[in-house]
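Those sequence lines, one after another, are chains A and B. Residues 5 to 243 (this note's numbering) make up the first sequence, in order. Residues 263 to 546 (this note's numbering) make up the second sequence, in order.
Worth flagging that the hints you see were computed from the coordinates, not collected in a lab. A hint or two may mislead.
Pair by pair, the computed Cβ-Cβ distance ranges are [stated by the list, open to error]:
id: 1; chain 1: B; residue 1: D378; chain 2: A; residue 2: I52; range: 31 to 37 angstroms
id: 2; chain 1: A; residue 1: G16; chain 2: B; residue 2: I389; range: 41 to 47 angstroms
id: 3; chain 1: A; residue 1: L13; chain 2: B; residue 2: Q312; range: 40 to 46 angstroms
id: 4; chain 1: B; residue 1: I293; chain 2: A; residue 2: M144; range: 17 to 23 angstroms
id: 5; chain 1: B; residue 1: P303; chain 2: A; residue 2: D79; range: 49 to 55 angstroms
id: 6; chain 1: A; residue 1: S228; chain 2: B; residue 2: K275; range: 54 to 60 angstroms
id: 7; chain 1: A; residue 1: R230; chain 2: B; residue 2: A508; range: 44 to 50 angstroms
id: 8; chain 1: A; residue 1: Y82; chain 2: B; residue 2: P303; range: 46 to 52 angstroms
id: 9; chain 1: A; residue 1: V9; chain 2: B; residue 2: D378; range: 45 to 51 angstroms
id: 10; chain 1: A; residue 1: D30; chain 2: B; residue 2: D378; range: 41 to 47 angstroms
Listed next, the in silico BS3-like pairs over lysine-lysine satisfying Cα-Cα at most 27 angstroms (straight line) [what the hints assert, rightly or not]:
id: 11; chain 1: B; residue 1: K385; chain 2: B; residue 2: K434
id: 12; chain 1: B; residue 1: K506; chain 2: A; residue 2: K108
id: 13; chain 1: A; residue 1: K48; chain 2: A; residue 2: K6
id: 14; chain 1: B; residue 1: K275; chain 2: B; residue 2: K541
id: 15; chain 1: A; residue 1: K32; chain 2: B; residue 2: K540
id: 16; chain 1: A; residue 1: K108; chain 2: B; residue 2: K385
id: 17; chain 1: B; residue 1: K354; chain 2: B; residue 2: K381
id: 18; chain 1: B; residue 1: K477; chain 2: B; residue 2: K434
id: 19; chain 1: A; residue 1: K48; chain 2: B; residue 2: K541
id: 20; chain 1: B; residue 1: K381; chain 2: A; residue 2: K48
id: 21; chain 1: A; residue 1: K48; chain 2: B; residue 2: K423
id: 22; chain 1: A; residue 1: K48; chain 2: A; residue 2: K32
id: 23; chain 1: B; residue 1: K541; chain 2: A; residue 2: K108
id: 24; chain 1: B; residue 1: K385; chain 2: B; residue 2: K423
Virtual Cβ for every residue (Gly too), placed ideally from N, Cα, C.
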Amino acid sequence: MKRTVPIILAIGSGAILAIVFFLNPDFKLLFGVTSDNIKQEVLKWVTIVSGFTLILGVVSIFRVNMKAFQQKKTDRWYKMVTIVSLLAMAIPGVFPGPATEIGKTLYTYLPDWIGVYGSQNGIIVSWLFDHLDAPMMATMFATLAFYIASAAYRAFRARTLEATLLLAAALIVMFWRVPMGEAVLNAMSPDLPEWINTILMRGVNASVQRGIIIGAALGAASMSLRIILGIERIYLGKT
Amino acid sequence: MSENLRPMGFWEKVSKLDRRWIYSAVAITVIIPLIWRIDFPVGITPEAKQLFDAVEALPDGSTVMLTFDYYASALPETEPASRAALHHLFRKNCKVVTMTTIPLGGPTISERVTRDMAKLYDKVYGIDYVNLGYKANYVAVLSGMGSSIEDIYPADNSGTKLADLPIIQNIKNYDDIDFIFVVADNAIVDYWISIVNAQYNTPVGASVTAVSAPKYYPLVTSGQMTGLLGGMKGAAEYEIMVGKEAAAVKGMSVQSLVHFLIILMVIMGNVGYFVSRKKKPQAA
């Protein structure tokens with residue numbers, strides 16, 4: 005039962021969306037219901053189920069971190085910081101804003117300052133994002149510049165022909181991609197920047213990327229087909 | 263003299279340079295152009311020009327969907343592109359529909375940036391622009407909006423019913439959207455192309471991070487994508503074309519010098535590697 009029901013749901017949802025894709029949106033199936041009606045209904049379900057997966061993720065993070073905190077591990081206070089941060093962002097975010105139907109009724113009974121909840125502008129979530137999350141993410145990303153410089157210096161070696169080609173292409177693109185390099189290239193020959201764009205980016209790069217995209221798309225299509233046909237069951241996990 | 267006691271030559275020392283020197287060099291290279299601005303002429307790539315021309319060619323008052331599909335970590339590369347795009351769109355009196363597929367910060371960034379820009383052009387929320395906000399599962403969202411935007415987004419980011427907003431009265435689905443301007447730091451552009459452009463024929467142009475820009479060149483050359491801005495340089499190109507030079511153009515001097523530093527380091531590292539390998543005695 006734990007395997008059969010999910011497999012039936014996956015096969016059904018996949019098959020419905022695959023079939024309606026090939027039908028005219030106005031094609032009437034049963035009782036005047038069009039293929040587009042069915043597609044829209046399934047997609048609405050998908051967004052609702054996706055919402056629940058987010059809740060599942062929140063519950064999972066909460067449980068794992070709370071368990072680690074209770075076990076008094078050495079890094080337990082980091083776990084607590086995670087839990088507090090999670091609740092601090094989540095609770096104000098899910099509280100209905102004043103513009104919502106529930107909010108309109110709710111805020112006739114609640115003090116004005118509660119209006120800082122919800123998901124509109126100038127609210128707690130925005131403040132937390134602008135003043136905590138954004139600077140922290142920016143810091144993490146900015147730190148990468150130092151690591152990339154150090155890693156490029158130590159690891160980017162022309163040891164083989166393939167590595168040499170990669171190295172040469174990377175250096176040319178890095179040089180061409182910034183105004184200072186572009187100015188130098190222009191001084192050498194005004195056609196050089198355009199030539200790099202045409203030959204390297206729109207030529208060699210585009211053809212290789214095209215191969216990767218087609219390969220990945222074929223892989224995704226075959227995996228989807230395996231799921232729809234019930235052959236692929238890894239997504240069910242251990243049941 | 264044994265191998266271990268042999269004094270290190272210059273290039274060997276270079277090849278074993280302490281990482282703190284590298285970090286210091288990067289820090290100095292970033293700080294100097296921030297204090298003393300060094301300007302270089304920014305060349306316009308054909309992909310950026312194509313995107314600008316496509317937006318420029320839209321009739322005044324057209325409806326454009328602008329997406330904010332990026333996290334805060336990519337703000338320096340992406341936000342300038344969003345702002346430059348809004349300058350262009352509001353100047354042309356386009357109706358702007360914004361949305362995001364990013365739950366963390368996406369709605370906040372789109373709300374802040376769009377309202378900031380709308381103030382400059384006296385645009386009114388609900389009439390000239392609307393922020394749809396975030397909805398889970400981007401594949402379902404992008405696909406569902408092809409039939410009905412209101413089905414997928416019954417309310418805007420603030421919770422106001424879409425039916426109550428005048429701007430939405432004439433926008434039912436992608437048929438009513440003249441252009442989609444995607445600003446993203448992830449692979450969502452693939453879905454905008456494969457779901458929206460391929461199935462609904464709505465033109466899609468994109469601004470992406472520099473690291474992901476090469477991936478989208480085949481889509482530009484095939485005509486599936488109408489123009490491409492790559493990273494901060496792409497944003498700087500758009501700022502110049504719009505005539506509103508701002509954060510991206512300012513960032514070009516920093517990016518130029520850091521790129522040069524990394525190129526120099528890679529060359530030095532390789533020279534050091536080959537020289538020290540040559541000096542290393544071959545095993546008997």
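Hints and how they fare:
| no. | hint | verdict |
| --- | --- | --- |
| 1 | D378/B - I52/A: 31 to 37 angstroms | 33 angstroms, holds |
| 2 | G16/A - I389/B: 41 to 47 angstroms | 43 angstroms, holds |
| 3 | L13/A - Q312/B: 40 to 46 angstroms | 44 angstroms, holds |
| 4 | I293/B - M144/A: 17 to 23 angstroms | 19 angstroms, holds |
| 5 | P303/B - D79/A: 49 to 55 angstroms | 51 angstroms, holds |
| 6 | S228/A - K275/B: 54 to 60 angstroms | 55 angstroms, holds |
| 7 | R230/A - A508/B: 44 to 50 angstroms | 49 angstroms, holds |
| 8 | Y82/A - P303/B: 46 to 52 angstroms | 48 angstroms, holds |
| 9 | V9/A - D378/B: 45 to 51 angstroms | 49 angstroms, holds |
| 10 | D30/A - D378/B: 41 to 47 angstroms | 42 angstroms, holds |
| 11 | K385/B - K434/B | 21 angstroms, holds |
| 12 | K506/B - K108/A | 40 angstroms, violated |
| 13 | K48/A - K6/A | 24 angstroms, holds |
| 14 | K275/B - K541/B | 13 angstroms, holds |
| 15 | K32/A - K540/B | 76 angstroms, violated |
| 16 | K108/A - K385/B | 26 angstroms, holds |
| 17 | K354/B - K381/B | 15 angstroms, holds |
| 18 | K477/B - K434/B | 32 angstroms, violated |
| 19 | K48/A - K541/B | 68 angstroms, violated |
| 20 | K381/B - K48/A | 35 angstroms, violated |
| 21 | K48/A - K423/B | 17 angstroms, holds |
| 22 | K48/A - K32/A | 20 angstroms, holds |
| 23 | K541/B - K108/A | 79 angstroms, violated |
| 24 | K385/B - K423/B | 20 angstroms, holds |
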